[in-house]
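Construct all of the structure, not just a fragment, from the sequences and the given hints.
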Amino acid sequence: MRLRLFVIVLLAIVLALPAYIPWLKTPILLALSNGLAVLGVIALLRAGQVSFGNAMFVCLAGYTVAFTARAAQVDALVLILLGTVAATLAGALIGLFMVRYRGIFFGMLNLAFSMVLFSVLGKFGAVTGGTDGLRFDRPTLGFVQMQRDGFETTLLIIAVFVALVAGILVQRYFRSARGQQLAAIKTNETRLEYLGISAKRVFWGGYVLAAALCGLGGSFFALTQGLVTPEMGYWVRSGEIVFIAILGGSGHAIGAFIGAFVFEFVKLYVAAWLTGAWQLVLGAILLVMVFAAPTGIFGLLERLLRPAPALSEKRA
Amino acid sequence: MNASLLLLALMDGISYAALLFLVALGLTLIFGVMNILNLAHGSLYAWGGYVAATFGIVIAKAGLSPLLILPALVIGAVLTGIVLGSILEIGLLRRILTKDPILQLLGTFAAFMILEDLQRLIWGSQPYFVSDVVSLLGTLTVADVTYTRYQLLVIPSVAVVALLGLRWFLNRTALGRQVTAVTHHREIATAMGVNASRVSLLTIVIGAALGALGGALAAPTTSITPGIGAEMMVLSFAVVATAGLGQIGGAAIAALMIGLGRSFAVYLFPEVEVLVPYLIMVAVLLIRPQGMFSRVATRRI
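Residue numbers (the working numbering), protein chains in the order written: chain A, 1 to 316; chain B, 1 to 301.
Since the hints were made in silico from the structure, they are not lab data.
Don't take every hint at face value.
Stated by the list, open to error - Below, in silico cross-link-like pairs of lysine-lysine (DSSO-like), each with a Cα-Cα straight-line distance of 27 angstroms or less: (1) A:Lys186 / B:Lys99; (2) A:Lys267 / A:Lys25; (3) A:Lys186 / A:Lys200; (4) A:Lys200 / B:Lys99.
Small disclaimer: the values here were computed from a predicted structure and weren't measured.
This is how it looks when you write it as structure tokens:
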């Protein structure tokens, strides 16, 4: 119950803040798109697997959006859909190969695939704009041509809504039989197989979900910036996504968004104060998290949000 | 493609493979002993390159013989390995040994982020290189193909010495046998009286020095710029994964495959050059999911 209240308060803050401080719109939009991608990675973390290549789906969706927007007059909502579908299809295909691997091999094979995409985008400059990336004009949103400000506000409201729905759905998935099976890959895959359940098929589902969410995030990211670059798919970006997941806490879908907001604002402020050293600060924060709070910020908040069940049972 | 171009690609490939092998050797050694993939290994390569290049520039400025640069590169790499390796082991790896594998990976990723920024703060973003030693050693002509002695003789011989030396150390010395024992099973080795934490420290220093040596030897022929660490991290992992984690001899063969594959691609299909290492790795892992030379592990239920 308290969790629901917490989410409502958070949503209110996210929607109200930009009304008073307009320049916050872009960082909040970026944080939301990051959060969606992180949500996908959290699904993989459930299975005990860490991918150092999921930014490839973010990047793929971004380029799908950019290519389509440059080729034809397509509405932003359709672009988001197209980007997500492209990432989902790619995830379904690459996933067939990936589900055979666990642990470091899984993480680094994802990294290899993302580096292939990254290099191809950088090399074939004639089509992809090379390392400078692709710029595209602001499309219509909901079939209305808007100014930058109106576009961002509307996109923000849509992004908040999408994030909320995605968070609720992912949380339901975690609680479902399939989600429990996914978590069993982490605890004991062999036992899962002995129950007659194909661990590969379960993991494939998780992988496709992760790709789809990364694609969704990538589409919003591209629309916010109006620019896509190969950098979106670099392996260090994938590492950042995993970092945000650990920072926010992978125990609950909301951890993804808490982490994404903290990350975005730390980056924003540190970059302003200590130019060129934001990675250093983030690295130090990550180290502290690994040692002091491995369950992330949500893990710390959880105790405040959920009344201890043993205590309430006693009272009842 | 004519014969001399073929020979040129072969020489390029061997020199590149030797560098790749040195870095991969360090990575696989650290993985063997700690069972942690050190994502900061690429940074050790970059730091080795920067420290060695700084040494080289100091020697050149002091007016000393450029011949001194060669030992200076090695000394720079070893120093980097000792300092950074000890800091990494004592400050991080030792403390995350029993943690969840995801947290272990992220711990080393944090070290990578910190090292990358520190390196940028210290050396800035302009490229560093020390080419004096290459021109001093001159060139060599093999069947009409002229190639630098440094790349054709110095780098591959360092790699061969590293491979043979490490094999001798691991198989023939008491300390090396202890390292092998810890690699096989840490707990049992400890029960047998091996000081596992001392062995780990030593191995990580050696591994870090090998990574740094790769960077130091690259400094005379390639310019050291920000970002090479991140790139080398991925490439050296591709070598290690293709060979199978912890396989030293296998890493040499995998490095040759990837090095030659890449240099032939440079001449034949320049567009896909950067993709070749990953394509080789994916092709190998499709057929053998644990790498070429890995042994079958028993399942623990």
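Each hint, compared with the structure:
1. A:Lys186 / B:Lys99: Holds, at roughly 14 angstroms.
2. A:Lys267 / A:Lys25: 16 angstroms, holds
3. A:Lys186 / A:Lys200: 13 angstroms, holds
4. A:Lys200 / B:Lys99: Holds - the C-alpha atoms of B:Lys99 and A:Lys200 are around 26 angstroms apart, at most 27 angstroms.
The structure fails none of the hints (numbered hints given earlier).
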